[in-house]
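Number of protein chains: 2
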Amino acid sequence: MGRTVAPNAVAAVSEQRQWDRLMEMAKLGAITGADGSPGVNRPCLSPLDREARRLLIGWGAAIGLRPSIDALGNLFLRQEGTERGLAPVLAGSHMDSQPAGGRFDGIWGVVAALEAVQALHEAGIRTRRPIEVVAWTNEEGGRFAPGCMGSMAYAGFRPPQSWDAVTDGEGIRFGDALREHLALEADLPRRGLGVVEGPKPHAYVEAHIEQGPILEKEGLDIGIVTGIQGSRWFLVELTGESAHAGTAPVSTRRDAVQDMVRAITALNALMEDPTDVLRFTVARIEVAPNSSNSVAETVRFTIDFRHPDKAVLTERGDAIEATVKAAVRTCDVTVTERFHALPAAFAPEVTEAVARAAAAQGLSAKRMPSGAFHDAQFMVPLCPTGMIFVPSRKGISHNPAEYSSPEQLAKGARVLAQVLAELANG
Amino acid sequence: MGRTVAPNAVAAVSEQRQWDRLMEMAKLGAITGADGSPGVNRPCLSPLDREARRLLIGWGAAIGLRPSIDALGNLFLRQEGTERGLAPVLAGSHMDSQPAGGRFDGIWGVVAALEAVQALHEAGIRTRRPIEVVAWTNEEGGRFAPGCMGSMAYAGFRPPQSWDAVTDGEGIRFGDALREHLALEADLPRRGLGVVEGPKPHAYVEAHIEQGPILEKEGLDIGIVTGIQGSRWFLVELTGESAHAGTAPVSTRRDAVQDMVRAITALNALMEDPTDVLRFTVARIEVAPNSSNSVAETVRFTIDFRHPDKAVLTERGDAIEATVKAAVRTCDVTVTERFHALPAAFAPEVTEAVARAAAAQGLSAKRMPSGAFHDAQFMVPLCPTGMIFVPSRKGISHNPAEYSSPEQLAKGARVLAQVLAELANG
Chain A
1 MGRTVAPNAV
11 AAVSEQRQWD
21 RLMEMAKLGA
31 ITGADGSPGV
41 NRPCLSPLDR
51 EARRLLIGWG
61 AAIGLRPSID
71 ALGNLFLRQE
81 GTERGLAPVL
91 AGSHMDSQPA
101 GGRFDGIWGV
111 VAALEAVQAL
121 HEAGIRTRRP
131 IEVVAWTNEE
141 GGRFAPGCMG
151 SMAYAGFRPP
161 QSWDAVTDGE
171 GIRFGDALRE
181 HLALEADLPR
191 RGLGVVEGPK
201 PHAYVEAHIE
211 QGPILEKEGL
221 DIGIVTGIQG
231 SRWFLVELTG
241 ESAHAGTAPV
251 STRRDAVQDM
261 VRAITALNAL
271 MEDPTDVLRF
281 TVARIEVAPN
291 SSNSVAETVR
301 FTIDFRHPDK
311 AVLTERGDAI
321 EATVKAAVRT
331 CDVTVTERFH
341 ALPAAFAPEV
351 TEAVARAAAA
361 QGLSAKRMPS
371 GAFHDAQFMV
381 PLCPTGMIFV
391 PSRKGISHNP
401 AEYSSPEQLA
411 KGARVLAQVL
421 AELANG
Chain B
1 MGRTVAPNAV
11 AAVSEQRQWD
21 RLMEMAKLGA
31 ITGADGSPGV
41 NRPCLSPLDR
51 EARRLLIGWG
61 AAIGLRPSID
71 ALGNLFLRQE
81 GTERGLAPVL
91 AGSHMDSQPA
101 GGRFDGIWGV
111 VAALEAVQAL
121 HEAGIRTRRP
131 IEVVAWTNEE
141 GGRFAPGCMG
151 SMAYAGFRPP
161 QSWDAVTDGE
171 GIRFGDALRE
181 HLALEADLPR
191 RGLGVVEGPK
201 PHAYVEAHIE
211 QGPILEKEGL
221 DIGIVTGIQG
231 SRWFLVELTG
241 ESAHAGTAPV
251 STRRDAVQDM
261 VRAITALNAL
271 MEDPTDVLRF
281 TVARIEVAPN
291 SSNSVAETVR
301 FTIDFRHPDK
311 AVLTERGDAI
321 EATVKAAVRT
331 CDVTVTERFH
341 ALPAAFAPEV
351 TEAVARAAAA
361 QGLSAKRMPS
371 GAFHDAQFMV
381 PLCPTGMIFV
391 PSRKGISHNP
401 AEYSSPEQLA
411 KGARVLAQVL
421 AELANG
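Chains A and B are the protein sequences, given in the same order. The first sequence runs contiguously to residue 426 in the UniProt record's numbering. The second sequence runs contiguously to residue 426 in the UniProt record's numbering.
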């Protein structure tokens, strides 16, 4: 196995075609960043998301891939294998973006999987097992929190109705948006929901931009991803009392903004980490009535906390509620954990296949954990799972300035093609 | 003058009619507060605002009041005087509300002015001078900041186009909302804009709920308002850089939420006041992209700072920008002053008329400054100006729980009727 398994397929990966498809996708929700960079705002289950899915389905149809959709809206494009009844190898990522996101996060993993399958197809390589290109619903959590709903439901990690009542910024419920989406996509064949209603996949591979600075800094082509740090998301809700900013004495107020400042200050102390490994972020704040001369009655803010060490994740995460409650002075408080993913380790079957492919193709690579979480996390209990990273310029992501070059992305797709050929014949 | 000038008019004030009209107005934008209280959300220049104006115009028309509207949308209902060419006495307030406001703030001052004029009418009293009931556009600043646009433009304090580019939460420009409003109200006679295009009024009187706890606590009927504390409003804009919450090391971030916390903490120290007279409020916060797993790129927050002492207002207000700039660590900062009103003192002609009316009617009263600002503030340089307060239950305002009883409000309207009779014959 020290050599390229499918040299013709690797050669058939088209740098230009893959790049053109990414640029085509980037038109759907195109925005311009503060620095003039071309970014993307493509919320999950939006008309733009549907346009992107239709574009993908069309590209797949041209090489005979059959689309299907499940109860969470996860989209699959299937290439049959030569032997009946074998579990498929899945490869993909997601097509939704952050509200001010880039042109590569998620969408590249889907386009790369299609590129790899198309390269196999054009090289005349038929694998024993089916290969399915998958686009998971709502990985980002940008419109509906938390993210990874599609993969979590697929994996049976949460029941599919778990998030029906979650609302977006306009008050639209996830359940309603999903129902509308499924109605609009009713012409696509419907499939059972993942391992809840069907067999386990044989393996899962996700290609993704690194979203961190390491590969670029070390001048490497490929990240052999060994696992994903754990994430815990919380929602803090503070309820005080609105009052007139001109008449209510400060001493008598129950000001939710002031209690938020106290809570974040205390959380900063709890989350201090001189090693700079811990990630603690408050990035979403909603104030009501949010009028400059009415003391804030309520504040809702999110906490995103991540760490690769399960012990740290557990200990400090479990201390969040008590820290907030000790810090606030006048408001009622609720702290709700919205998402909890333990650190996940990827399977040697996949990491070694990635390492072999990179080596066979003469690419420089290193083993590394993922700082971001990904749908791959939820596949870990189901089947051998792994990821392939390519460099991100300056490590910038979740930002229009996010960039990986056509050449870097083509190298990633070539590694993926070889890994898929190997796994789908295994 | 120690006795009631117009006893028949005072007797003709109808507690029931005034209350019924307030409850009719409260249907326009009715909301329910967290505690179940019936509140109002009637944004300025909204369809609800127009409905409220039409209702008022209809009530005025029934007693022969002629409506007119100026370039800022300020609405006037005019009762002619017996002598030609005399400047009118103005009485009124505003009809817009806070986003989660009560049923009395503003609207009562307009309905009370109409009630007073109607009582004079029904008592057969014709004054020498005209009386105009006025409803000022956008006092609250809840939809478009700052507030008091209508009265500021009327008084020539700012040019009428000053706020055209101000946008509401949906990105609608004030200039566009006003243009639409004037087009929809094109059937109303148009008048020149205040003292910019016409003569000064003879006097201005505004009835208003106290919005503070003093009258209730001391068991008094009437507040003889001596003036208004000064207000300064600022907008702070912090610009950092968005980044992935999972991958961007905390040490490398330019996190606008964290700089906001630092800025507010520093401002709290600047604004500390053991006497509890100073009012410092941060009540409106906008974060972008406001996604829980994207480090905040920008935060905009408002500062509402008030004090009755001009020296304190100047000194601490002028220190805000430097305090914010010293506190932030990583973001670019701009601090913009959006509104600056010095403390205003009302005219003895009006305060003494209010005191006389209360005394003649056997009502308990005290002289007091206003903690809130009001349109009256901008009338001070134009003509003798004053205000009449009635008690607010628990001092609660800018909240659906805001309440004054039918009886308390009728007492206020009776004082207003007598004051108008006196001033409009002066």
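Worth double-checking, as some hints may not be accurate.
[To be verified] A partial selection of chain A residues facing chain B, derived with a Cβ cut-off under 7 angstroms: (1) Arg158; (2) Gln161; (3) Ser162; (4) Ala186; (5) Leu188; (6) His244; (7) Pro249; (8) Glu272; (9) Thr275; (10) Arg279; (11) Val287; (12) Ser291; (13) Val295.
If you're looking for bench data, these hints aren't it; they were derived computationally from the structure. All of these numbers come straight from a predicted model, not from anything done at the bench. Even for Gly, the Cβ is constructed at its ideal location relative to N, Cα and C.
Please flag the earlier hints that this structure goes against, numbers listed from lowest up. 1, 2, 3, 4, 5, 8 and 9
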